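Novice: The lines below spell out each chain.
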Amino acid sequence: DIQMTQSPSSLSASVGDRVTITCRASQSISTYLNWYQQKPGKAPKLLIYAASSLQSGVPSRFSGSGSGTDFTLTISSLQPEDFATYYCQQSYTTRAFGPGTKVDIK
Amino acid sequence: QVQLVQSGAEVKKAGASVKVSCKASGYTFTSTYDINWVRQATGQGLEWMGWMNPNSGDAGYAESFQGRVTMTRDTSISTAYMELSSLRSEDTAVYYCARGPQGTGATIDYWGQGTLVTVSS
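Chains as they are written, first to last, in the working numbering: chain A, 1 to 106; chain B, 1 to 121.
Read the hints as simulated data drawn from the structure, not as lab findings.
Just so it is clear, the structure is predicted and the values come from calculations on it, not from any experiment.
Ideal placement from N, C-alpha and C gives every residue a C-beta, glycine not left out.
Hints are not guaranteed to be accurate.
[Unchecked claim] To give a feel for the contact side, a few chain A residues facing chain B, derived at Cβ under 7 Å:
| hint | residue |
| --- | --- |
| 1 | 49 |
| 2 | 67 |
| 3 | 70 |
| 4 | 87 |
| 5 | 96 |
| 6 | 97 |
| 7 | 99 |
[Unchecked claim] Only pairs whose alpha carbons sit at most 20 Å apart, straight line, appear in this in silico EDC-like list of lysine to aspartate or glutamate:
| hint | chain 1 | residue 1 | chain 2 | residue 2 |
| --- | --- | --- | --- | --- |
| 8 | A | 45 | B | 109 |
| 9 | A | 39 | B | 47 |
| 10 | B | 12 | B | 91 |
| 11 | A | 45 | B | 47 |
| 12 | A | 42 | B | 47 |
| 13 | A | 45 | A | 1 |
| 14 | B | 23 | B | 63 |
| 15 | A | 39 | B | 109 |
| 16 | B | 23 | B | 58 |
| 17 | B | 13 | B | 91 |
| 18 | A | 102 | B | 58 |
| 19 | A | 42 | B | 109 |
| 20 | B | 23 | B | 10 |
Work the whole structure out from these sequences, hints included.
Specialist: Following this line, the structure appears as C-alpha cells:
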C-alpha cells in the first residue's frame with residue numbers, strides 16, 4: 001500500500017496567518033490527492049480534490065498544489081473557523097489518509 | 001438529499017465480531033458510488049478500511065484489515081454492512097460509512113454519523 005505522511009503533525013497559528021501543510025506519498029500518485037478538514041465530533045469535510053481543485057462552497061483562502069509525491073495545502077489567511085485537523089488522502093490506489101495536522105490557536 | 005444512517009453503538013467482548021449497517025437514501029444505491037468504511041479511535045486520525053461497490057458487490061480492503069473485515073450489501077433495502085471479526089481493544093473506535101464516486105481519483109463526499117464500537121476485555 002502507498003503510505004502517506006504529513007508535516008507538521010501540529011502547529012499553532014494566529015488569525016490572519018498564512019498556514020502551509022505538507023503531505024508526501026511513498027510513491028508517485030500523480031495528482032490523485034484530496035484534502036479534508038475535520039472538527040471535533042464531526043465527520044470530515046472535503047476541501048480540495050485532485051491536488052488543486054477547490055470543492056464547491058469552500059472559501060478561496062484554501063488552496064492546494066503539488067503532483068507526484070509532494071503536495072501542500074495552504075490557508076492564505078487563517079480564520080477562527082479554520083482551527084481544525086487537516087488530512088490528506090490519496091485516491092490513486094486505495095483511499096488511505098495521512099496522519100493529520102492539527103491547527104490550533106497560538 | 002443524500003443521507004447515510006448508521007446503526008447504533010455496540011459493546012463487544014474481545015474475540016467477538018461486530019456488524020455495522022449503513023442505510024443510504026437520497027440517491028440510487030447501485031449507481032456509480034462506492035461505500036467506503038473509515039474508522040477513528042478517540043483522539044487519533046482517520047483510518048481507511050476498505051470500499052465496496054454496491055452494484056457488483058465487489059470489495060477491496062486495506063492491507064491491515066485483510067482477513068478480518070467483510071463488506072457486504074443488501075440492495076433491496078439500500079444498506080451496506082461492515083463486519084469486523086476477532087475484535088481486540090485496539091478496535092475501539094468510531095466507524096464511519098462514507099460515499100464516494102468510483103474509480104481512480106475519487107473523493108468521499110457524504111459521511112454517515114458514525115457508530116461507536118467499544119471492545120472490552
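Novice: If a hint holds in the structure, say so; if it does not, say that too.
Specialist: Each hint tested on the structure:
With its C-beta approaching chain B no nearer than about 5 Å, residue 49 (chain A) sits inside the 7 Å limit, and its interface hint holds. Given the 7 Å rule on beta carbons, the hint for residue 67 (chain A) is violated: about 13 Å separates it from the nearest Cβ of chain B. For the restraint placing residue 70 (chain A) at the interface with chain B, the shortest Cβ-Cβ distance is roughly 18 Å, beyond the 7 Å limit, so the hint is violated. With a cut of 7 Å, the hint placing residue 87 (chain A) at the interface with chain B holds, because the nearest CB-to-CB distance is about 6 Å.
The interface hint given for residue 96 (chain A) is met, as the beta carbon of that residue sits about 5 Å from the closest beta carbon of chain B, less than 7 Å. At a threshold of 7 Å, the smallest CB-CB gap from residue 97 (chain A) to chain B is about 4 Å, leaving the interface hint in force. The beta carbon of residue 99 (chain A) is positioned within 7 Å of a beta carbon in chain B (closest approach about 5 Å), and the interface hint is therefore held. This hinted pair checks out: residue 45 (chain A) and residue 109 (chain B) have alpha carbons roughly 8 Å apart, not beyond 20 Å.
The straight-line distance between the Cα atoms of residue 39 (chain A) and residue 47 (chain B) is roughly 16 Å, inside the 20 Å bound, and the hint therefore holds. Restraint check: the Cα-Cα separation between residue 12 (chain B) and residue 91 (chain B) comes to about 10 Å, which is no more than 20 Å; the hinted pair holds. As the CA atoms of residue 45 (chain A) and residue 47 (chain B) are separated by approximately 15 Å, the hinted pair is consistent with the 20 Å bound. A hinted pair counts as satisfied when its Cα atoms are at most 20 Å apart, and residue 42 (chain A) with residue 47 (chain B) qualifies at roughly 15 Å.
Proximity of residue 45 (chain A) to residue 1 (chain A) is assessed by CA-CA distance (about 24 Å); at most 20 Å being required, the pair is judged violated. Between residue 23 (chain B) and residue 63 (chain B) the alpha-carbon distance is near 26 Å, which puts this suggested pair outside the 20 Å criterion. This hinted pair checks out: residue 39 (chain A) and residue 109 (chain B) have alpha carbons roughly 16 Å apart, not beyond 20 Å. Proposed proximity of residue 23 (chain B) and residue 58 (chain B) is supported: the alpha carbons are some 18 Å apart, at most 20 Å.
A hinted pair counts as satisfied when its Cα atoms are at most 20 Å apart, and residue 13 (chain B) with residue 91 (chain B) qualifies at roughly 11 Å. With a C-alpha separation of about 35 Å, the suggested pair residue 102 (chain A) and residue 58 (chain B) falls outside the 20 Å cut-off, and the hint is violated. A distance of roughly 14 Å separates the Cα atoms of residue 42 (chain A) and residue 109 (chain B); the hinted pair therefore holds under the 20 Å criterion. Between the alpha carbons of residue 23 (chain B) and residue 10 (chain B) the distance comes to roughly 17 Å, so the proposed pair stays at or under 20 Å and holds.
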